[in-house]
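Take the given structure of chain A and dock chain B to it, following the hints.
Number of protein chains: 2
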Amino acid sequence: MDMHDLTRELQLANDSKIVMFVADGLGGLPMSPGGKTELETAVVPNLANLAKRGVQGASIPVKPGIAPGSGPGHLGLFGYDPLKYQIGRGALEATGIGFELRDGDVAIRCNFCTLDSSGNISDRRAGRISSEDSAPIAISLRQIKIPGIEIFVEPVKEHRFVVVFRGEGLGGNVADTDPQRTGVPPLDPVANDPASQKTAAVAKEFLTQAKKILAGQPKANFHTMRGFANKPALPSYGEVYGLKSAAIAVYPMYKGLARLVGMEIVGKAQTLSEQIDTLEQSWKDYDFFFIHFKYTDSTGEDGNFTEKVKRIEELDGILPRIEKLNPTVLIVTGDHSTPSFLQSHSWHPVPTLLVSDCCRPDPHVAFNESTCITGGLGHFEAQYLMTLAMANAGRLGKFGA
Amino acid sequence: MDMHDLTRELQLANDSKIVMFVADGLGGLPMSPGGKTELETAVVPNLANLAKRGVQGASIPVKPGIAPGSGPGHLGLFGYDPLKYQIGRGALEATGIGFELRDGDVAIRCNFCTLDSSGNISDRRAGRISSEDSAPIAISLRQIKIPGIEIFVEPVKEHRFVVVFRGEGLGGNVADTDPQRTGVPPLDPVANDPASQKTAAVAKEFLTQAKKILAGQPKANFHTMRGFANKPALPSYGEVYGLKSAAIAVYPMYKGLARLVGMEIVGKAQTLSEQIDTLEQSWKDYDFFFIHFKYTDSTGEDGNFTEKVKRIEELDGILPRIEKLNPTVLIVTGDHSTPSFLQSHSWHPVPTLLVSDCCRPDPHVAFNESTCITGGLGHFEAQYLMTLAMANAGRLGKFGA
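Protein chains in written order, with this note's numbering: chain A, 2 to 402; chain B, 2 to 402.
With the rest of the complex left out, here is chain A (with noise of 0.2 Å):
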């Protein structure tokens, strides 16, 4: 039994809203030895505020010391396993950049490439060719036509593109055309299992009419195919929790992610300010609420401490705004930390916020990587927080008599 059997078994519906806010990469670390976290930096005193009504905690995204990416960051706050559900690189890509992928869909991750005149790979990234010569070569490779399948080729970002296959009996399980080295021929893409040797073959096509087409470009005469993925098999809130859910996000992969797991896409924010703008346009419509904020993260992998300390006070400002909303339960959590210290993610457990009438606050006045690690909620693993969501929302029922 999962936590989603027990989700299943348990919902009651009521009118209770939840907020989760997520600040990307939150938790951060000390410049130098001694020194404050980006959090225990900023000014904020309407975090600070919160902590004294409500409960906190260190969340561990995936397990001790394993620094997640965005995908498997994510599933964790929406309370899919992340060990379990895993979301292929190919379907992680497609998502990322705002395709709308559906069951049986399998995408591809494509990288051009230079061939020599034997047919050996000289290039495996084609130079890192332009975004601005390479979307025109992608684009042109949607002239490709396989029988009894649907194509979808998207330009995403300098020698990247994505390949969507549709169509039916099409399996995820084939292997990189990419040899990793230069000096010999790309492989062909050669299926892992039974189920995908229709996808193999559907590849092999792809490619040899793409040799055709590419044949005369000085740039990129050619592309490798890798990461083959299905849509992953990510059962819905509206299923496992009976919540109507919103996202409220600016960048595509959140948008993806949040999509993947069934909720639904609201507005076109380009700004915190706007995202809290939909919130409350939106706020009648659904039970459930994720907005997601970029630039804690960003600011991190730039290494910019002082960019990221203002962000996080940005974050701040704006929280009034969503409690006047007066949210049944109000969450600041992150996805995983990203310290500037480290320009990058990191295992480090996130300082998690949890605000509602029956959280049983802690006695935390503040709200940081260092109080967290005392806070009511404990240490706990991140795909833990949405039934602590839930049942401060009144929306878990007894288990068991």
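A few of these clues could be false.
A partial selection of chain A residues facing chain B, derived with a Cβ cut-off under 8 Å [said to hold, decoys possible]: (1) 63; (2) 88; (3) 90; (4) 191; (5) 380.
The following residues of chain A were derived to be distant from chain B, with all beta-carbon distances above 10 Å [claimed, not checked]: (6) 11; (7) 64; (8) 85.
Please keep in mind that the hints were generated in silico from the structure rather than gathered at the bench. Because the structure is a prediction, the values reported are computed rather than measured. Even glycine gets a Cβ: it sits at the ideal position worked out from N, Cα and C.
Frame of chain A; chain B shown alone:
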């Protein structure tokens, strides 16, 4: 997907050095209500300094309430789920005396016993015969020959000795021959599965020959066989972590446990100071060092609170020598608690300290049973310590994109 699937996929190579200092049975208890534990009583300025720079937590050896033996205690620290990987009794006994088991070997714990004139057991432990008396009798069994089988007989202590069978197709699942009571004859060795039938036949032949050899022995005219076990199939440190690892231990049991996970046994140190000599001498040759310090356990087992305090101070005293080597990650922990108050291994979480440049220090300035429970590592199962060590050493890539 288990933790080793993750570490196999995510492991990175670099020049980092990880030192895991295991003070066996480190955790303790007060001797009277309101008192201090051994670690709280000890004067440990070096541990306090490390606490200021590091992050601490409470390590649960197996699961809450479960007191482990040395086998599961160390497997947990080494990152092997101790409920998944179990070392059979015979294999552990052989390991404990320094016998190097090979794949496919079957190890058996044997007890000398006495039979009366009817062939019934009159004493299951041969009157706890002295080691001096029993060793030559055990060695006399080395004359037993069985075609196709290499046989090893090793004295242990008092009535105990170990037999190892080496040959083709020897399963380890054979029932004990000790009937667990006197006044009845020993049982025949019976295979519990088809793969162990040959082992049972070999054991029966061994017992037949042993009965003849021992017939004239007044103190021990027969023996029982218990805990049949193959060498456990543990994936190696090199494979699961990509670490070249060294074990610096004094006692055969800990060398043996380290060898089972593929560590190399380094040096012939007999004292803690000599162990650190070995560490210094082999510093360039390995990525990971397991240092085992026995006396925090043995003093606890003896109920000698004062001596355990002294041993803790001894280990504190050598820490500067380890720090001088500038390890990337330094961990001080124990495989379980051995409170002098209980004179035995216990289930209490073990104070555990991790120091690295990116460990996110917690506010603690001391290190003991009281501080560790509110440390930044939280309460965690020992099996996750290795991923934390690897992450802090920069040896784990990101999980998912």
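We went through each hint and held it up to the structure:
1. 63: At about 6 Å, which falls below the 8 Å cut-off, the nearest Cβ of chain B leaves the hint on residue 63 of chain A intact, so it holds.
2. 88: holds (7 Å)
3. 90: This hint holds: residue 90 of chain A lies near chain B, its Cβ roughly 6 Å from the closest one there, short of 8 Å.
4. 191: violated (21 Å)
5. 380: holds (3 Å)
6. 11: holds (25 Å)
7. 64: violated (6 Å)
8. 85: With a cut-off of 10 Å, residue 85 of chain A comes too close to chain B, as the shortest Cβ separation is near 8 Å.
Hint violations for this structure: numbers 4, 7 and 8, all remaining hints satisfied.
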